[in-house]
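Undergrad: Dock chain A against chain L, hints included.
Protein chains: 2
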Amino acid sequence: MISRLIEAIKKKDAPIVVGLDPVLSFVPSRIIKEETDEKGETLDAAASAILRFNKAIVDSVCDLVPAVKPQIAMYEQYGIPGLIAFTETVNYCRSKGLIVIGDVKRGDIGSTSTAYANAHLGKVKVGSKEIPVFDEDFATVNPYLGSDGIKPFIDVCNSNDKGIFILVKTSNPSSGEFQDKVLHDMDSTLYEAVGIKVNEWAKLSMDGSYSNIGAVVGATYPKMGEILRRIMPNSFILVPGYGAQGGRGKDLKPFFNSDGLGAIINSSRGIIAAYTKDEYKKFGEDGFADAARAAVIDMREDIRNV
Amino acid sequence: MISRLIEAIKKKDAPIVVGLDPVLSFVPSRIIKEETDEKGETLDAAASAILRFNKAIVDSVCDLVPAVKPQIAMYEQYGIPGLIAFTETVNYCRSKGLIVIGDVKRGDIGSTSTAYANAHLGKVKVGSKEIPVFDEDFATVNPYLGSDGIKPFIDVCNSNDKGIFILVKTSNPSSGEFQDKVLHDMDSTLYEAVGIKVNEWAKLSMDGSYSNIGAVVGATYPKMGEILRRIMPNSFILVPGYGAQGGRGKDLKPFFNSDGLGAIINSSRGIIAAYTKDEYKKFGEDGFADAARAAVIDMREDIRNV
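Chains L and A supply the protein sequences, listed in that same order.
With my numbering, the residue at position 260 of the first sequence is 260, and numbering never jumps.
With my numbering, the residue at position 134 of the second sequence is 134, and numbering never jumps.
All the given hints hold, so there is nothing to weed out.
The list treats identical chains as interchangeable, and a pair is accepted whether it falls inside one copy or across any two copies.
Think about it this way: if two alpha-carbon atoms lie no more than 30 Å apart in a straight line, the pair counts; the simulated DSBU-like pairs of lysine-lysine are: (1) Lys197 with Lys253; (2) Lys10 with Lys253; (3) Lys151 with Lys197; (4) Lys125 with Lys33.
Because the hints were derived from the structure by calculation, they are not lab data.
This is chain L alone, in the form it adopts within the complex (with noise of 0.2 Å):
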């Protein structure tokens, strides 16, 4: 899978994924009012909101872009409803010919992480048949408890061509309360040890020089971001904390191979909520997918930069 995911990024000179993490403050007051008109002030009428509004911005971005990643929560907080528009934007944006990175931050283990791995990546068994589920092509997997939450991901990446991303040093400013802690007997911190463990895992789903199994790091830890691109060679990086989250384009440097490949970057907020921001506001609420155009533009500008 990851060897596809490079080709889409290459083809389209754009390490660039979309976060469709739509909450309803995002979605033009027009689209709430409709909906909520015909269906009252119901689950299924956000659901319908935020369906119809990534519709629109995946129109709007998908010759830009390889990738998109739709956050779950944002979705499952509408409940039965809402997963249905998850579905439906997944099933959307691989209609597109986008791929798509399911962040779902699941981890369990044992047959629990099966299940959440064929839920997102596989087949899930019904008598003889064999029904894809979510069906995303890769999803972001949290370490927490070890390869027996992970191990059950990579039999099924394997199995299916698919990928996952494991959470190594997220985005947020809280994330040194664990992850920065200094290891006795590896004088180095939990996030290395995290990350030489992905670079272990990462040979056993190996798809060229690259492997279906990458890493979270966060763009707002650049420095850090160049110690996990040496422990994890093979590794793709998704990169949260662009933009809204803090990360610039100069940070991002570190996350990248001599190759030129080796990272992806995430904008959220950044791109499906550009309207709100002074830069874009010329294109009004109604504009908020030519707004979310024209800030994967500059986006891939100032990475082009780098």
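TA: Showing chain A alone in chain L's frame:
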């Protein structure tokens, strides 16, 4: 919320939670056949089968135990129909007076963690309405992202009288890969550092002498349980790993405080798939619910002897 759990534990005199982690291989073939005959080999059939299985188990044990813990992965793998079965399981258990611990192991940052917390424990706003979504009583949460991931859950617990159990030391064999790392500055392990944080967070949501903020510590690590019991005096410990994973009654003592409270022991397969074990084979496949009841009674005896 924790005071409600304590009251229920005292009333039933059983600090036991039944893990509702149904997989199709536990569900009697008669039920699966009836569902697939009607609905085909579909996600709908699988979801209906596990819901029927759950309801029979719940009917059979609800007078004996205070709480159930549905593992959402086992439902998520059957997609939207599976998640509808999850919702219906939660609602059915609550209608029977059981406290529901959603084993969801979610965790993200900021507004994303708020979205997960609202989905599982709070309400989501659509226009002027505030709508409860999956509406469990407790949820399990992953601490890897630090306070940014946990605080939104605490806020939602405080506004909705709910609780969480934070993963500290998980029951699986590889949990030590990261959790047991010795930290340089503290001369303690990562799981102890997480336990110290849980104790701080616990103070933010006290409800009587216990907190709504609890911890997950595996029955398979009783010595670590003893250490963590001391570190987190106000936190209830949710203890998985009893039975099928190897934990036994005599291992459970360290998880309790001297007041006889402070822990609730989970058993999943050991109860819901009891009829597959030699001990309870006499009940037969169609007696799975009676076998589950017998297994709960035996587990209660095993724990009362501690």
